[in-house]
Amino acid sequence: MTTKVEDKLFLDRFKVNEEAHIKIIDQGLCNTRCEEEPCLYFCPANVYRREKDRIVVAYEGCLECGSCRIGCPNLNIEWRYPVGGYGIAHKFG
Amino acid sequence: MNEEFDVAVVGAGPAGASAAHVLAAGGVKTILLERGESAGAKNISGGVLYGHDLAQIVPDFAGKSCPYERNIVESRLWFLSKEGGFSTSYRDKVFYERRSLNAFTVGRAKFDRWFAGQASQQGALLVPATVVTDFIRDGSGRVTGVKTDRPDGDVSARVVLLADGINSALAAKTGFRPEPKPVDVALAVKEVIGLPEEVINDRFNVESGQGVTIEIIGEVTGGMDGIAVIYTNKNSLSLCIGANLSDFTKNRIKPYEMLDEFKAHPMVAPLIKGGVPKEYMAHWIAEGGYDAIPKLTGDGWLIAGDSGMLFNALHREGSNMAMTSGRFAAEAVMEAFKKGDFTRRGLEGYQSRLEGSYIMKDMKKYRRFGPFRLHHHELFTSLPALAAHGAREMLTVDGVPKKEKQGAIWRKIRREFSPLEMLEILWDGMRSVR
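Protein sequences, first through last, are from chains A and B. For the first sequence, numbering that gives the first Met the number 0 puts the final residue at 92, and the numbers step up evenly by one. For the second sequence, numbering that gives the first Met the number 0 puts the final residue at 433, and the numbers step up evenly by one.
Do not take every clue at face value.
Unchecked claim - Below, computed lysine-lysine pairings styled on DSSO-like, alpha-carbon distance capped at 27 Å:
id : chain 1 : residue 1 : chain 2 : residue 2
1  : A       : Lys-3     : B       : Lys-253
2  : B       : Lys-249   : A       : Lys-3
3  : B       : Lys-411   : A       : Lys-14
4  : B       : Lys-172   : A       : Lys-14
5  : A       : Lys-90    : B       : Lys-249
6  : B       : Lys-172   : A       : Lys-3
7  : B       : Lys-63    : A       : Lys-90
8  : B       : Lys-253   : A       : Lys-90
9  : B       : Lys-81    : B       : Lys-404
Hints listed in this document are in silico derivations from the structure and should not be mistaken for laboratory results.
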């Protein structure tokens with residue numbers, strides 16, 4: 000059975016748009032006001048990764064659950080729907 | 000598009016498709032807007048649907064090639080510890096002899112596409128791959144249509160029905176529904192695991208076409224307020240595990256690691272052995288209960304289904320409430336047309352239908368159930384562990400007299416809970432589902 004989340008995401012079908020639908024509003028806030036950084040843990044697609052002085056957002060693999068939008072303690076994540084027809088497309092659901 | 004419709008429905012899930020079906024069948028000019036490349040492309044549920052609510056909209060749905068997987072004839076309930084667990088189950092011949100299906104499993108990508116197709120056949124215009132970005136309002140604030148992300152994508156409508164699911168970014172943006180608090184939703188992940196039909200039949204002790212659901216509570220959620228499920232499909236199994244989002248933000252538990260640990264559990268591993276992972280998904284479940292339900296009607300608009308937080312977490316009922324609330328909304332809109340009044344007052348038939356049905360009655364009955372679980376995390380931590388400990392001790396044959404074992408078990412329980420605390424859990428638990 001798979002263990003890495005990358006392998007799990009590989010099972011899914013994504014139609015990736017060039018334009019990101021997720022944005023960190025203020026990177027500075029993540030550095031100064033967020034010790035726990037829960038987005039690095041609860042995101043089921045592991046979209047968020049810390050790289051030294053910034054949070055990197057791999058929006059391409061987003062499963063569109065919406066958790067980061069309300070789970071970020073500083074509400075510092077802007078999350079929109081991907082453009083119509085883009086993003087994840089479930090085969091089974 | 001720039002066209003005029005009587006009703007614009009946002010979201011082609013069970014709520015939106017059933018509303019569009021009823022409206023179109025009643026001769027109402029309806030547009031059904033869906034952000035996925037097809038209806039169902041963005042949708043997930045554990046996978047159980049109920050025939051009763053569906054048959055109110057599409058009678059004889061099974062005869063109309065509804066893509067269902069298995070007819071649920073047995074429901075199991077598991078209480079898991081780390082190493083094992085209790086299992087109870089109920090099977091009834093009545094469930095396979097009934098002419099119409101009671102509960103059945105589906106893959107929502109296929110089912111929702113079929114269901115929205117039924118609405119199209121009635122005459123609703125289904126427009127996929129289109130995101131509704133905002134509402135159009137007149138000077139008095141009344142909703143008179145929607146804006147979409149298509150070029151010239153404004154759609155005028157006399158009424159807008161919001162049915163875009165629990166993760167309604169539109170409702171959040173427009174303020175139609177306040178953003179849920181993390182405590183109001185569960186985050187669940189799901190994996191579909193392919194297995195030959197015969198293997199599933201053997202492992203679950205069923206015939207082809209018959210299926211089993213397993214609802215699971217216990218230590219598999221790492222002490223968080225959550226559950227797991229295993230549902231049988233024709234030639235795959237749906238495995239879901241989730242927990243309250245507020246618990247996820249506090250604990251450093253990764254959902255996909257929790258899912259893998261669940262798959263490795265000794266009660267689960269034998270059921271999925273040799274299976275091939277097919278798809279991995281994540282979704283919210285509305286857990287806020289009655290007190291999280293927003294205002295469901297306004298001037299020129301209504302909200303149905305998950306975006307209205309209509310979900311019964313105790314009985315895993317959501318898609319049925321979505322379908323029936325969508326149908327009620329459609330009926331209320333048709334009344335409003337007769338009256339020529341699309342204000343909140345004109346649409347009040349929606350609220351009264353909801354209040355008179357099982358939907359609001361059940362939502363009210365379980366109003367305290369969410370807070371009960373959140374205040375009593377021992378349901379997911381010490382209680383299953385103690386139950387498992389007791390069972391293991393009594394079942395281990397090692398020469399120790401049973402009376403001695405029983406005494407030791409009680410002492411262990413007493414160290415964890417005072418009699419007063421035990422009474423409190425019982426009392427709160429009973430009150431929460433009264």
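Hint check, failures only: Per hint list: 3, 5, 6 violated.
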